[in-house]
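So the sequences go chain by chain: Y and D.
The opening position of the first sequence corresponds to residue 65 in my numbering, with each subsequent residue numbered one higher.
The opening position of the second sequence corresponds to residue 62 in my numbering, with each subsequent residue numbered one higher.
The set of hints was computed from the structure by calculation and includes no laboratory data.
C-beta: ideal position from N, C-alpha, C; glycine also.
Take these hints with a grain of salt, some might be off.
[Stated by the list, open to error] Now the stretches of chain D that chain Y is said to cover, found in silico as 3 or more residues with beta-carbon under 8 angstroms:
hint, segment
1, 69–75
2, 161–168
[Claimed, not checked] Cβ-Cβ distance ranges computed for the label pairs, FRET-style:
hint, chain 1, residue 1, chain 2, residue 2, range
3, Y, N125, D, T160, 16 to 26 angstroms
4, Y, Q106, D, G158, 18 to 28 angstroms
5, Y, T119, D, R116, 46 to 56 angstroms
6, D, I73, Y, P143, 38 to 48 angstroms
7, D, Q78, Y, Q106, 26 to 36 angstroms
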Amino acid sequence: AQSVTQLGSHVSVSEGALVLLRCNYSSSVPPYLFWYVQYPNQGLQLLLKYTSAATLVKGINGFEAEFKKSETSFHLTKPSAHMSDAAEYFCAVSDSGGYQKVTFGTGTKLQVIP
Amino acid sequence: KAGVTQTPRYLIKTRGQQVTLSCSPISGHRSVSWYQQTPGQGLQFLFEYFSETQRNKGNFPGRFSGRQFSNSRSEMNVSTLELGDSALYLCASSLGGVTDTQYFGPGTRLTVL
Numbered sequence: 065a066q067s068v069t070q071l072g073s074h075v076s077v078s079e080g081a082l083v084l085l086r087c088n089y090s091s092s093v094p095p096y097l098f099w100y101v102q103y104p105n106q107g108l109q110l111l112l113k114y115t116s117a118a119t120l121v122k123g124i125n126g127f128e129a130e131f132k133k134s135e136t137s138f139h140l141t142k143p144s145a146h147m148s149d150a151a152e153y154f155c156a157v158s159d160s161g162g163y164q165k166v167t168f169g170t171g172t173k174l175q176v177i178p
Numbered sequence: 062k063a064g065v066t067q068t069p070r071y072l073i074k075t076r077g078q079q080v081t082l083s084c085s086p087i088s089g090h091r092s093v094s095w096y097q098q099t100p101g102q103g104l105q106f107l108f109e110y111f112s113e114t115q116r117n118k119g120n121f122p123g124r125f126s127g128r129q130f131s132n133s134r135s136e137m138n139v140s141t142l143e144l145g146d147s148a149l150y151l152c153a154s155s156l157g158g159v160t161d162t163q164y165f166g167p168g169t170r171l172t173v174l
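The shape of chain D in the complex, shown without the other chains:
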């Protein structure tokens, strides 16, 4: 069974640009969560989608948005990039139940210059 895949793995952008990251969950998983990991702030929850609906949201500005498609694939978009958005963005998928395990992808390393 294929794991969670994230594309691209590495990305370099400049301030002010926007970026879209993609996450393909494990087959059959309906929940996709996104996390940001930085040396200064650590791991922070961005949002979670379940069956195309945002079910939970972390404390991030509106520049961070996401969506989920009918095949459960998810995209995360960051508009008007700032230097502080440089981070490893992790995606995790699960069946979506309260006790279901989240499986993480390898992440997308975003560098903002």
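Just chain Y, with the same shape it has in the complex:
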């Protein structure tokens, strides 16, 4: 069965510092991987997705993630944190046979300190 593990339920960074949110996946078949962001009292918004086209994926709001098969990782990064990045971030996986059946990680709440 496919799954993702997000390391760190809470991450704090200073404004302007590097954002690094960790995600490791477990999948028996080549996976599709996603990062979503959720702001308080709102639904999820897709930041980026990996669908095997390129290992470095660029998303919205300056975020990017790199698919590393050897490390089974898909970490999310942003060079410089902004106050508006404070939110909860979810890593998710779906096997290539069922895109719409997505398994989510437990989420990481990002705090940005001014």
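Once you've looked at the hints, dock chain D against the given chain Y.
Quick look at chain D alone, frame taken from chain Y:
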């Protein structure tokens, strides 16, 4: 282009009752997925409908059911509500292809007393 809408936004029910939630997808989208979000279990996939047919299903009891209409609008029904059904229910729509992006609605907050 209007986004995904969900009604109602908030709902309070008592144990044993049933509830129906509605989701209107983005125009042209044929796939609608439902998710349950709780503090304890996180985000869990319920089911997905595509062109009025259930295409994928998560690990939830039969009390949770859904359907999709010819205009792609979808409803989710939960019968015999339990306290543990209190959650944020999210709906997402997409064109339905393997690499198509899912767009989420704001959710329906269900509280079971």
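Structure-based check of each hint:
1. For the segment 69–75 of chain D, the proposed coverage by chain Y is not satisfied: 0 residues have a C-beta within less than 8 angstroms of a C-beta in that chain, short of the threshold of three.
2. Under a criterion of three residues with beta carbons nearer than 8 angstroms to beta carbons of chain Y, the stated coverage of the segment 161–168 of chain D is upheld, 8 such residues being counted.
3. About 21 angstroms separates the C-beta atoms of N125 (chain Y) and T160 (chain D), a value consistent with the hinted range of 16 to 26 angstroms.
4. A hinted range of 18 to 28 angstroms holds for the C-beta pair Q106 (chain Y) and G158 (chain D), which are about 25 angstroms apart.
5. Remark: the range hint 46 to 56 angstroms for T119 (chain Y) to R116 (chain D) is contradicted by a beta-carbon distance near 29 angstroms.
6. The hint said 38 to 48 angstroms for the Cβ distance between I73 (chain D) and P143 (chain Y), and at roughly 44 angstroms that hint holds.
7. A beta carbon spacing of about 27 angstroms between Q78 (chain D) and Q106 (chain Y) agrees with the range 26 to 36 angstroms that was offered as a hint.
Hints 1, 5, counting from the list given before, are not met by this structure.
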